[in-house]
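Taken in order, these protein sequences are the chains called P and S.
Be aware that the first sequence starts at 10, since it is given in the working numbering, and climbs by one per residue.
Be aware that the second sequence starts at 138, since it is given in the working numbering, and climbs by one per residue.
If you're looking for bench data, these hints aren't it; they were derived computationally from the structure.
Glycine included, each C-beta is placed from N, C-alpha and C at the ideal position.
Fair warning: there could be bad hints in the mix.
[Unchecked claim] Distance windows between CB atoms, simulated:
1. S:F368 to P:A123: 57 to 65 angstroms
2. P:R253 to S:F368: 15 to 23 angstroms
3. P:K28 to S:T177: 23 to 31 angstroms
4. S:R238 to P:R253: 22 to 30 angstroms
5. S:L296 to P:M266: 35 to 43 angstroms
6. P:D90 to S:T271: 39 to 47 angstroms
7. S:Q530 to P:S125: 52 to 60 angstroms
8. S:S315 to P:A207: 34 to 42 angstroms
9. P:K154 to S:T224: 56 to 64 angstroms
10. S:K323 to P:E86: 28 to 36 angstroms
11. P:E212 to S:G436: 14 to 22 angstroms
12. P:G124 to S:L510: 43 to 51 angstroms
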Amino acid sequence: MAILVDKNTRLLVQGITGKAGGFHARSCMEYGTNVVAGVTPARGGELFDDKIPVFDTVFEARQQTGCNATMIFVPAEFAADSIMEAVDSCIELIICITEGIPVVDMMRVKAGMAGSNSRLIGPNCPGIITPGQCKIGIMPGYIHKPGKVGVVSRSGTLTYEAVWQLSSRGHGQSTCVGIGGDPINGTSHLDAVKMFNADPDTEAMILIGEIGGTAEEEAAAWLAANCKKPVAAFIAGATAPPGRRMGHAGAIVSGGMGTAAGKIEALQAAGIEVAETPADMADALLRRMARG
Amino acid sequence: MNIHEYQAKELLDKFGVTNTPGGVASTPEEAERVARSLGTNNLVVKAQIHAGGRGKGTFTNGFKGGVHLCKTANQVRDITEQMLGHTLVTHQTGPEGRVVRKVLVSKSVEIARELYIAVLIDRAISAPVIVASTEGGVDIETVAAHTPEKIIHMPVNPLYGLLPYQTRKLAKLLGMASGEMRLACKLFASLYKLFIRSDCSMVEVNPLVVTKGGEILALDAKFNFDDNALFRHPEIRDYRDLEEEDPREVEASKSNLSYIGLDGNIACLVNGAGLAMATMDIIKHHGGEPANFLDVGGGATEQQVTEAFKILISDKRVKAILVNIFGGIMKCDIIAQGIINAVKAVQLPVPLVVRLEGTNVEAGRKLLNDSGLPLLAATDIADAAQKVVAAAQAA
Chain P
10 MAILVDKNTR
20 LLVQGITGKA
30 GGFHARSCME
40 YGTNVVAGVT
50 PARGGELFDD
60 KIPVFDTVFE
70 ARQQTGCNAT
80 MIFVPAEFAA
90 DSIMEAVDSC
100 IELIICITEG
110 IPVVDMMRVK
120 AGMAGSNSRL
130 IGPNCPGIIT
140 PGQCKIGIMP
150 GYIHKPGKVG
160 VVSRSGTLTY
170 EAVWQLSSRG
180 HGQSTCVGIG
190 GDPINGTSHL
200 DAVKMFNADP
210 DTEAMILIGE
220 IGGTAEEEAA
230 AWLAANCKKP
240 VAAFIAGATA
250 PPGRRMGHAG
260 AIVSGGMGTA
270 AGKIEALQAA
280 GIEVAETPAD
290 MADALLRRMA
300 RG
Chain S
138 MNIHEYQAKE
148 LLDKFGVTNT
158 PGGVASTPEE
168 AERVARSLGT
178 NNLVVKAQIH
188 AGGRGKGTFT
198 NGFKGGVHLC
208 KTANQVRDIT
218 EQMLGHTLVT
228 HQTGPEGRVV
238 RKVLVSKSVE
248 IARELYIAVL
258 IDRAISAPVI
268 VASTEGGVDI
278 ETVAAHTPEK
288 IIHMPVNPLY
298 GLLPYQTRKL
308 AKLLGMASGE
318 MRLACKLFAS
328 LYKLFIRSDC
338 SMVEVNPLVV
348 TKGGEILALD
358 AKFNFDDNAL
368 FRHPEIRDYR
378 DLEEEDPREV
388 EASKSNLSYI
398 GLDGNIACLV
408 NGAGLAMATM
418 DIIKHHGGEP
428 ANFLDVGGGA
438 TEQQVTEAFK
448 ILISDKRVKA
458 ILVNIFGGIM
468 KCDIIAQGII
478 NAVKAVQLPV
488 PLVVRLEGTN
498 VEAGRKLLND
508 SGLPLLAATD
518 IADAAQKVVA
528 AAQAA
């Protein structure tokens with residue numbers, strides 16, 4: 010059933026008493042996500058919206074509620090610590106929404122997580138949603154529709170764009186994963202497409218990438234060798250000037266590496282249908298599916 | 138964020154990365170004093186601007202060269218006089234050039250060998266990597282392309298940091314003699330410390346030189362910083378030189394907007410970095426040229442949207458504006474109200490195409506309709522791009 014999250018997910022929200030954390034915890038609950046706990050240091054014992062228990066530490070939340078996923082809304086300067094706190098408590102799935110975490114902090118998190126059983130999604134991402142079952146993140150729930158297309162993306166609003174195009178053409182989504190726009194993230198395009206490939210409920214995929222790094226190329230090479238499901242892709246940033254960081258910390262072409270042209274070439278070589286414009290993402294997948 | 142050469146020198150000094158003695162000056166007299174304090178007849182004066190190609194540049198007053206070797210302090214003063222307050226044009230500045238406000242006066246050294254060393258983040262392994270070569274003083278990408286075997290890659294475990302044995306190995310790979318090891322290892326360790334403690338995304342020393350006197354010096358250093366970490370580095374934020382930046386970007390940064398100025402004539406206001414890039418791409422796809430990248434983000438306020446809009450309107454090159462919003466956290470009515478406020482304050486001088494979708498879209502569309510603003514509504518991103526390109530071409 011889909012990947013990573015479903016109706017059995019028991020969600021903790023780190024930073025639940027903050028403005029953004031509270032707002033989005035509520036919107037996840039309204040969507041039907043089972044939010045079981047919150048954590049805000051020194052606010053333990055309170056109830057969020059009169060029903061969700063708040064703990065001082067993730068350790069206590071895990072022990073007392075059996076939460077198995079966490080959504081992090083902690084300010085950038087403390088977010089790395091919050092991720093490691095969740096890892097220490099063996100939370101299986103850690104979704105870090107926070108934007109602006111220093112790269113040096115993320116390098117240490119990544120090295121510190123080696124050998125743990127936790128999976129990190131993000132940071133600087135919209136989160137993850139299995140339509141009709143579980144929404145963990147900041148995406149507008151109503152644009153999604155349960156279905157068979159897996160979506161993985163470095164960009165939030167571009168994911169909404171793709172989902173909207175799919176839903177309005179009658180195609181639902183199995184799971185949509187926002188992996189985030191930072192140069193160092195927990196889950197890569199490659200990790201996500203491997204999971205989608207293994208998921209019997211996912212019959213096709215849309216992969217959305219952008220300039221910078223080589224994550225899209227790695228996913229393309231793996232897909233070419235291992236995946237029979239139809240895949241479409243879009244790469245943002247063909248017109249971005251080299252050497253400038255385009256909003257996302259990871260979206261930068263440096264030393265001729267990470268260009269849109271190079272990524273598109275790699276994807277096409279892997280038999281992936283590449284959308285010409287962001288308006289063409291769902292149609293590109295439909296073309297690819299029609300080709301068989 | 139870019140910094141000046143004299144600021145780079147300050148950082149090197151602070152972390153004990155040996156480099157050439159010298160000092161910065163804002164007046165000819167000050168430059169002369171710095172020159173005298175160096176106690177040598179081998180001096181060099183360098184104009185401080187954020188652009189390469191200074192040595193071969195020309196000042197608009199006719200004076201040639203932004204880098205000069207001098208033999209006396211008086212000569213340093215005279216050369217500085219010709220530079221300060223004047224505009225230096227290099228192949229990187231564009232024809233408008235940059236005004237020189239400071240010069241760096243330093244000792245010039247006799248070079249025996251030129252090497253290369255850089256520390257940067259390797260995204261593929263989520264760790265820092267040291268890149269070094271015995272071929273310094275030239276373009277490293279050329280070296281990598283033609284003689285890849287001369288490029289040394291040394292990954293660093295971010296939890297351990299650069300270990301002492303790694304500095305020794307690096308010294309050997311760079312051809313250091315036993316007698317040069319101590320100085321070289323100290324420099325490598327200091328450089329790595331500077332990289333991590335200052336939250337750099339890249340430090341590049343090119344050339345790293347061994348002098349005829351046996352010193353090992355970072356002769357020229359370029360820095361890139363992680364913008365995400367500037368909150369914990371007020372000392373680096375202070376290095377920012379607003380005179381060197383695109384005035385549109387300076388204005389945008391005052392309102393915490395993610396804006397990058399480009400050369401086209403179609404302004405865009407978008408939420409989300411990916412969608413903002415994709416919007417530029419689709420404008421180009423339909424034959425237009427974007428004037429900017431602008432991501433108002435998910436948490437923008439009405440006030441920020443208004444400020445963003447004012448920046449777009451004030452750009453004289455702009456012939457049409459495209460607003461492309463897919464509301465997630467960002468609510469469409471906030472965007473609509475921001476636009477209405479901005480247009481009330483400043484007359485709308487060019488056609489405006491608006492595409493709204495997502496959270497509170499009905500409320501947003503209603504606000505815009507009721508405002509009576511002369512805007513073109515678009516149904517989707519392709520329609521929006523076609524309409525704005527047509528509007529810009531008709532203008």
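### Query
Is it true that the C-beta distance of S:R238 to P:R253 lies inside 22 to 30 angstroms, as the hint says?
24 angstroms, holds
### Verdict for S:K323, P:E86 (Cβ pair) under range 28 to 36 angstroms
32 angstroms, holds
### Message
Taking the Cβ atom of P:K28 and the Cβ atom of S:T177, is their distance within the range 23 to 31 angstroms?
### Response
Given a distance of about 60 angstroms, which is not inside 23 to 31 angstroms, the answer is violated.
### Query
Do the beta carbons of P:G124 and S:L510 sit within 43 to 51 angstroms of each other?
Roughly 58 angstroms apart at Cβ, these two residues miss the hinted range, so it is violated.
### Message
A range of 39 to 47 angstroms was offered for this pair. Does it hold for the Cβ distance of P:D90 and S:T271?
### Response
42 angstroms, holds
### Query
Does 34 to 42 angstroms hold as the CB distance between S:S315 and P:A207, or does it fail?
55 angstroms, violated
#### Entry: Cβ separation of S:Q530 and P:S125, checked against the hinted range 52 to 60 angstroms
56 angstroms, holds
### Hint check for P:A123 and S:F368 - Cβ pair distance inside 57 to 65 angstroms
For S:F368 and P:A123 the Cβ distance comes to about 27 angstroms; the hint is violated.
### Query
Is it true that the C-beta distance of P:R253 to S:F368 lies inside 15 to 23 angstroms, as the hint says?
21 angstroms, holds
### Query
Taking the beta carbons of P:E212 and S:G436, is their distance inside 14 to 22 angstroms?
36 angstroms, violated
### Message
Can you tell me whether the CB distance of S:L296 to P:M266 sits inside 35 to 43 angstroms?
### Response
26 angstroms, violated
### Message
Taking the Cβ atom of P:K154 and the Cβ atom of S:T224, is their distance within the range 56 to 64 angstroms?
### Response
Once the Cβ atoms are compared, 59 angstroms apart, the range 56 to 64 angstroms for S:T224 and P:K154 holds.
The structure is inconsistent with the numbered hints 1, 3, 5, 8, 11 and 12, although it conforms to all the rest.
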